[in-house]
Amino acid sequence: MDSEDRVRAVAEMLTHPRSASWVADQANVNYKTARKYLAKLADDKRLLTTDRGQKTLYYPNPREQFFGEIGDLVDEHTKDELTAELNAISSRIEAWQDEYDVEDADELRTTLDESLRIEERRERERVIDTWEYNLEMRTLIRHAIRLYDDLHQFTATHSLATSEATTNG
Amino acid sequence: MPGEEPELAFDGGSPRTRKQILYQLNDRLKMEPGVVYTRFDPSRITPDTVIASINPTEFVGEAYPAPIGTLEVWWSPRAVGTDHFTIQWYEEPDSEAAIDAADVNDPTLPEAYTLSCGWHQDEHFNDLGEAHFQEEYPDGSTERYGVTFGDATPRWILSDCLRNLPNRLTVFRESLDASPQSN
Numbered sequence: 003m004d005s006e007d008r009v010r011a012v013a014e015m016l017t018h019p020r021s022a023s024w025v026a027d028q029a030n031v032n033y034k035t036a037r038k039y040l041a042k043l044a045d046d047k048r049l050l051t052t053d054r055g056q057k058t059l060y061y062p063n064p065r066e067q068f069f070g071e072i073g074d075l076v077d078e079h080t081k082d083e084l085t086a087e088l089n090a091i092s093s094r095i096e097a098w099q100d101e102y103d104v105e106d107a108d109e110l111r112t113t114l115d116e117s118l119r120i121e122e123r124r125e126r127e128r129v130i131d132t133w134e135y136n137l138e139m140r141t142l143i144r145h146a147i148r149l150y151d152d153l154h155q156f157t158a159t160h161s162l163a164t165s166e167a168t169t170n171g
Numbered sequence: 002m003p004g005e006e007p008e009l010a011f012d013g014g015s016p017r018t019r020k021q022i023l024y025q026l027n028d029r030l031k032m033e034p035g036v037v038y039t040r041f042d043p044s045r046i047t048p049d050t051v052i053a054s055i056n057p058t059e060f061v062g063e064a065y066p067a068p069i070g071t072l073e074v075w076w077s078p079r080a081v082g083t084d085h086f087t088i089q090w091y092e093e094p095d096s097e098a099a100i101d102a103a104d105v106n107d108p109t110l111p112e113a114y115t116l117s118c119g120w121h122q123d124e125h126f127n128d129l130g131e132a133h134f135q136e137e138y139p140d141g142s143t144e145r146y147g148v149t150f151g152d153a154t155p156r157w158i159l160s161d162c163l164r165n166l167p168n169r170l171t172v173f174r175e176s177l178d179a180s181p182q183s184n
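Those sequence lines, one after another, are chains A and B.
When we follow our numbering, the leftmost residue of the first sequence carries the number 3, and every step to the right adds one.
When we follow our numbering, the leftmost residue of the second sequence carries the number 2, and every step to the right adds one.
To be clear, the hints were calculated from the coordinates, so they are not data collected in a lab.
Bear in mind that the values here come from a model prediction, so they are computed numbers and not experimental data.
Careful, some of the hints might be misleading.
DEER-style ranges, computed between Cβ atoms [stated by the list, open to error]:
{"id": "1", "chain 1": "A", "residue 1": "Leu153", "chain 2": "B", "residue 2": "Lys31", "range": "27 to 33 Å"}
{"id": "2", "chain 1": "A", "residue 1": "Asp108", "chain 2": "B", "residue 2": "Pro43", "range": "35 to 41 Å"}
{"id": "3", "chain 1": "A", "residue 1": "Thr51", "chain 2": "B", "residue 2": "Asn106", "range": "37 to 43 Å"}
{"id": "4", "chain 1": "A", "residue 1": "Thr112", "chain 2": "B", "residue 2": "Asp152", "range": "29 to 35 Å"}
{"id": "5", "chain 1": "A", "residue 1": "Ala97", "chain 2": "B", "residue 2": "Asn106", "range": "58 to 64 Å"}
{"id": "6", "chain 1": "A", "residue 1": "Leu153", "chain 2": "B", "residue 2": "Arg40", "range": "24 to 30 Å"}
{"id": "7", "chain 1": "A", "residue 1": "Leu118", "chain 2": "B", "residue 2": "Ser44", "range": "26 to 32 Å"}
{"id": "8", "chain 1": "A", "residue 1": "Asp103", "chain 2": "B", "residue 2": "Thr115", "range": "26 to 32 Å"}
{"id": "9", "chain 1": "A", "residue 1": "Glu105", "chain 2": "B", "residue 2": "Glu175", "range": "29 to 35 Å"}
{"id": "10", "chain 1": "A", "residue 1": "Leu114", "chain 2": "B", "residue 2": "Thr143", "range": "17 to 23 Å"}
{"id": "11", "chain 1": "B", "residue 1": "Thr115", "chain 2": "A", "residue 2": "Thr159", "range": "28 to 34 Å"}
If you want a taste of the chain A side facing chain B, the calculated C-beta under 7 Å gives, among others [stated by the list, open to error]:
{"id": "12", "residue": "Glu14"}
{"id": "13", "residue": "Gln28"}
{"id": "14", "residue": "Thr51"}
{"id": "15", "residue": "Glu66"}
{"id": "16", "residue": "Gln67"}
{"id": "17", "residue": "Glu87"}
We treat Cβ as the ideally placed atom computed from N, Cα and C, and that holds for glycine.
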């Protein structure tokens, strides 16, 4: 990966607001290079910035993440695959509801107490975390499915090949 | 520093970040000698784990008694504090692999025991360190060793673990050989 790719790769994994010097270190590039590519990502609205004292910190733009994920879901998967995944998510949730005899992740959270062995606690914490993640993905997948046909129609109508074909008869 | 962050409307644990991390960890695993294949679990659309099927001799770089290994990497990014993750090695085939059970038995280990060990970073055993390496013994006991990865990206952390795993496996097997349960 070249320098820009490495900076972008680190930027994509950000979970905390980070300075250019931290990113430079993680991406194994010099500070100026990191700053240049981070500024470009901020210009493109992929990253937002906040100032902490003298430093500028960079973090992912949640709006861009939301729309970016929906766009990628549509680009990378067929509508059938997305629908199948929605069904798979429902099955996972039902399995957790049955296994733990709870309605939702919050209820499972209330069962985390000192009486559980560590490994059992760990497993439930993981299920809670995965459950909430599946719920968020379900929302994004539903949006992707709703947009699917409209987006394909729009891009088909307005693509370059279509207008050239019309011009060239 | 985590205490200063709440004023931002920033969710470090976003599903997109989790997927990006897992895709990059998958890329890193595919570069590793000895990795036969990788896959996402439970699906590519909503992955929470990357699983790699490994040829241990090729991975460790010298003759290794077990015919197969599986590495499971589970990653849960957190907006506050450190990410939670598990990088778990076990010597049983990945469930997706079509391998005859007879091919897999490791003659150096006690019957019905699968060598299992790995790194855990979460809210448990933090008296040992931010993370720990855990060895699981045939009698059901576990040994845990404190580990600190410092403030690094997931890809760096995985690389560090892959570098250290051959040595960790050698040390673990030596203590298994020394213990009365092994046969």
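Quiz item: Do the Cβ positions of leucine 153 of chain A and lysine 31 of chain B conform to the proposed distance bound of 27 to 33 Å?
Solution: holds, 31 Å
Practice problem: Can you let me know if the beta-carbon spacing of threonine 112 of chain A and aspartate 152 of chain B is within 29 to 35 Å? | Solution: Since the Cβ atoms of threonine 112 of chain A and aspartate 152 of chain B sit about 33 Å apart, the hinted range of 29 to 35 Å holds.
Self-check item: Proposed interface contact between glutamate 87 of chain A and chain B, which counts if any beta carbon pair is under 7 Å
Solution: Since the shortest Cβ distance to chain B is 4 Å, the answer is holds.
Practice problem: Determine whether the Cβ-Cβ distance between leucine 153 of chain A and arginine 40 of chain B falls within the hinted range of 24 to 30 Å. | Solution: holds, 29 Å
Quiz item: With 7 Å as the cut and Cβ atoms as the points, is glutamine 67 of chain A at the interface with chain B?
Solution: Since the shortest Cβ distance to chain B is 4 Å, the answer is holds.
Practice problem: Evaluate the given range 29 to 35 Å for the C-beta pair formed by glutamate 105 of chain A and glutamate 175 of chain B. | Solution: violated, 48 Å
Practice problem: With 35 to 41 Å as the target window, see if aspartate 108 of chain A and proline 43 of chain B comply at their CB atoms. | Solution: violated, 22 Å
Practice problem: Check the following: the C-beta atoms of aspartate 103 of chain A and threonine 115 of chain B are separated by a distance inside 26 to 32 Å. | Solution: With Cβ atoms ~30 Å apart, the hint holds.
Exercise. Grab the minimum C-beta distance from glutamine 28 of chain A to chain B and call the hint holds if it beats 7 Å, violated otherwise.
Key: Hint on glutamine 28 of chain A: holds, closest Cβ of chain B at ~5 Å, below 7 Å.
Practice problem: Indicate whether the distance between the beta carbons of threonine 51 of chain A and asparagine 106 of chain B respects the range 37 to 43 Å. | Solution: With Cβ atoms ~56 Å apart, the hint is violated.
Quiz item: Does the interface hint hold: is glutamate 66 of chain A within less than 7 Å of chain B, judged Cβ to Cβ?
Solution: violated, 9 Å
Quiz item: Is it true that alanine 97 of chain A and asparagine 106 of chain B lie within 58 to 64 Å of each other by Cβ?
Solution: 31 Å Cβ-Cβ, so the 58 to 64 Å window is violated.
Hints 2, 3, 5, 9, 11, 14, 15 from the earlier list are contradicted by this structure; the remaining hints agree with it.
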